[in-house]
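Chemist: Just so you know, the sequences run in chain order F and P.
Taking the numbering used here as reference, the numbering of the first sequence is continuous, increasing by one, and the terminal residue is 379.
Taking the numbering used here as reference, the numbering of the second sequence is continuous, increasing by one, and the terminal residue is 1371.
Check the hints yourself; a few may be wrong.
[As the list claims (entries may be wrong)] Among chain P residues calculated to face chain F with C-beta under 8 Å, some are:
#1 1032
#2 1033
#3 1073
#4 1258
#5 1271
#6 1272
#7 1279
#8 1280
#9 1282
#10 1284
#11 1287
#12 1289
#13 1290
#14 1291
#15 1294
#16 1296
[Unchecked claim] Mimicking DSBU-like on lysine-lysine, the simulated pairs with C-alpha atoms at most 30 Å apart in a straight line are:
#17 275/F to 1082/P
#18 1322/P to 293/F
#19 25/F to 373/F
#20 222/F to 182/F
#21 291/F to 1322/P
#22 1259/P to 291/F
#23 1353/P to 291/F
#24 293/F to 1316/P
#25 325/F to 1317/P
#26 325/F to 291/F
#27 222/F to 146/F
#28 1316/P to 291/F
#29 1179/P to 1246/P
#30 1316/P to 133/F
#31 275/F to 1316/P
#32 376/F to 1259/P
#33 1082/P to 1059/P
#34 275/F to 1317/P
#35 291/F to 1317/P
The set of hints was computed from the structure by calculation and includes no laboratory data.
Even for Gly, the Cβ is constructed at its ideal location relative to N, Cα and C.
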Amino acid sequence: MKQNNMLAMILAGGRGSRLHDLTNKVAKPAVSYGGKYRIVDFPLSNCANSGIDVVGVLTQYESVLLNSYVAAGGRWGLDARDSGVFVLPPREKADANLDVYRGTADAISQNIDFIDNYNPEYLLVLSGDHIYKMNYSKMLQYHKEKNADATIAVIGVPIKEASRFGIMNTDDEGRIIEFEEKPANPKSNLASMGIYIFTWKTLRRLLLADMKDPNSHHDFGKDIIPTLLNEGKTIVAYEFKGYWKDVGTIDSLWEANMDLLSNNNELDLNDHTWKIYTEDVSALPQYIGPKAKISRAFINQGCIIDGEVRNSVLFTGARVGEGAKVIDTVLMPDAVVEEGAVVQRALVANGVRIGKGAVVGSADSEHIELVAKRVKGVE
Amino acid sequence: MARAFGIITSSGTHIKVEGMQAYRPIGAFSFLGRYRVIDFPISNMSNSDIDRIQVYAKKNPRSLAEHLGTGRHYNINSKRGKLQLLFSENNTENDIYNTDIAAFMENIDMIERMHFPYVVIAPNYMVYTANFDTLLQNHIDSGADITLLYHAVDNAREAFLNCDILNLNKQKGVLSIEKNRGSAKNRNIFMDTYIMNKELFLDLIHKAKKLSSMYTLPQIVNIECANLDVRGVAHHGYFATITDFKSYFDANINLIDSKAAQELFDPEWPIYTRTNDSCPTQYFDDAEVRNSVISNGCLIEGSVENCVIGRGCSIKKGAVVKNSVILANAVIGEDVHIENQVVDKWAQVIHAKEVIAQPDHPGYIRRDDIL
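Sequences are here, hints too, so could you generate the full structure?
Modeler: Shown next, in the form of structure tokens:
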């Protein structure tokens, strides 16, 4: 099924070091989110739902798990003929030394040969670590309507927070006239979402020049976009309205999970017209025991709950023992809270066990407690 | 290396599950929320290194065909393995002609072409786990002609009334197969599961066909008990038959007990099913859920006790759902009180505020119905 002439490249090489122990062994895009997903499921599902057939995933940091995870393109329905998810870590080439990806733009540059195989008219560049649902084909339509060389998705942020983002200053027509990375005095509140559509011919030429430039950072924000602006190319802002979250820290990852608990939350993972696909795990349905107490929770299959769960998100296979309390907490896959333990305002990492009667986290802590190691029980 | 191919049979004409079966064969019945009954025999086969599987369907094959798909989700090798859905045309003049033997005859070339020396036959209306590879090895080692699987029960007077029983001698030789007429409490319930070599299986099909158009596989095996070495092997662990409405209800409700579930579900013996890509289930502020099995994709605002809830159900504010089996995408409206019911898929109980039955005689709410 030929759908549109756009190929997607997902930048998934980042470590996400502010997620501490969660990203010791896996890259940030492979971090779990929302009860059953991994962060990279969002851009991949968005691509599949937007009618994009070919997706390259650029991996670098701790890529073993991520590579095997995304390579099974069938999970997202990206396995028809002429369709697929391609894992693209740095590689040795006949005419170049093996080199790590030196920046976001360099990651694309080093795969120009891959993109040329498909000869797309447009290239969609995505970040692998944001949570949102977006129809990229609408953005492409906008790109075509505006006859743009590049289109950057932007989202309105509170002006007070704007200095944390890359801010786009636009004219009345929505054309970007200036790009400022983390400006001290922002002139607009339109933050870049790290989602770009380029007319491939234009970008290709720029990338080839950028590769040879010894002064370049090989970065889209720092180098490619400013060059396009200097050349007087048409760059337009495509305003996105909806849920979008960069989960860079433990606090924000926890918060993004908590966002799912509110009635009519904006992300709406239950939307049947825009499903987010993920790995299919063989797990039992949720077992809720005779003494369990659950309110305001988002719980996935494979969980066994005999205790109390309040205002929490529980991932596949998490367990809560009898008399245990799990409050304002995220339990990642297979985390276990044993009998009588109390966990509050915490994010418990994959497979971590909290022993009988242990107390973890507190209701009034400033930050969310990351529990990445086994907590001994109280005998 | 696989030595056997698998056959999954559909229920005989004597088995009727009121309500549910009007829409789909028993194999396609939703079971314990996220499964369908046929997931159990297929997973047993797949886990037993059997990856050529024939599934026989008689009526309403749509939901079964959809659920089975390519069979990839059953962990069947996509090149060497194959899951075949064999539809046998129903004889409309008289239901007595619609036997399993007739279905095999209609697809006899498919059976002849299987290049495996043995066949394992299991029904699509019973829930149990068994390692067919071990059973096959025992069958070969024993030198028996046919191995039949049975489950010893002590409640055959009131349960398993639509099933067959095995009469065994002390050496576990099968003397005869007959209907369970509820005349004794201790019985060996025949699990409609057979192991034999393919040639013998083909012989039996032809023999039965020649003798009588009404003969079924158990009937011809019963006749051949006099001539062949037919042995029974006892099955241990969880066992349920879905042979009438009450047994369907009970099998679901009984598995809410996590101890019973542990007997059926072994982490080393996964039961595969088709994913629906539903998101996790959302419990709202006023939700009250106890002693229940809940599938993904539900929105729960009300109270749920002792229930099995399928995928994508909505339990609205103030609703009270007790001792019931709710199938996928059903809606239980605000302040509705439901007890001892099976609510079929996509049904909405909104206007009727009280739908209560007794546990011995659970009620049934039709698919797509609005109450």
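Chemist: Against the structure shown, which of the earlier numbered hints fail to hold, in ascending order?
Modeler: none
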